Amino acid sequence: MQIKEAKIKFDAGCFKQACITDALMSQGYNLTLIGKKQADNAVLSSQRASEEAKAFKSYDAAIKAAKDIGFQDVTVRLSRLR
Numbered sequence: 295m296q297i298k299e300a301k302i303k304f305d306a307g308c309f310k311q312a313c314i315t316d317a318l319m320s321q322g323y324n325l326t327l328i329g330k331k332q333a334d335n336a337v338l339s340s341q342r343a344s345e346e347a348k349a350f351k352s353y354d355a356a357i358k359a360a361k362d363i364g365f366q367d368v369t370v371r372l373s374r375l376r
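Numbering (our numbering), first residue to last: 295 to 376.
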C-alpha cells in the first residue's frame, strides 16, 4: 500500500496503529499499519515495486511517513533476527 492510499484508509478509520520494525529482507525499516480488523493490516510499499515493502533508511523517515498518513503516535519494535 502506498502513502496516498494509506491516507485515504486512515481518514476512513481503518487503521489504529503504526509500527516501525527492522526490515527482514533488506537494511532499513518497514512501516506496518495495523488495522482495526486483521484484514486491514498493511505494510507501506515501494513506489517502484509496489509488491515489495518499502525499506526506510532511518527511523526518522519512517516516522515522517506515518505522520504524513495522519498518525500521531508510532510504535517502534527494536527486535531483529540475526
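Just so you know, these hints were derived from the structure itself, not from any lab. Note that the structure is predicted; figures quoted are calculated from it, not measured. For glycine and all other residues, C-beta sits at the position ideal for the given N, C-alpha and C. Careful: at least some of the hints might be erroneous.
Here are the simulated distance ranges between beta carbons [claimed, not checked]:
1. 333 with 364: 19 to 25 Å
2. 352 with 306: 17 to 23 Å
3. 366 with 337: 17 to 23 Å
4. 373 with 301: 17 to 23 Å
5. 352 with 331: 17 to 23 Å
6. 332 with 302: 17 to 23 Å
7. 337 with 367: 17 to 23 Å
8. 302 with 372: 16 to 22 Å
Status of each hint after checking the structure:
no.: 1; hint: 333 with 364: 19 to 25 Å; in the structure: holds, 20 Å
no.: 2; hint: 352 with 306: 17 to 23 Å; in the structure: violated, 29 Å
no.: 3; hint: 366 with 337: 17 to 23 Å; in the structure: holds, 20 Å
no.: 4; hint: 373 with 301: 17 to 23 Å; in the structure: violated, 28 Å
no.: 5; hint: 352 with 331: 17 to 23 Å; in the structure: violated, 31 Å
no.: 6; hint: 332 with 302: 17 to 23 Å; in the structure: holds, 20 Å
no.: 7; hint: 337 with 367: 17 to 23 Å; in the structure: holds, 18 Å
no.: 8; hint: 302 with 372: 16 to 22 Å; in the structure: violated, 30 Å
Hints 2, 4, 5, 8, counting from the list given before, are not met by this structure.
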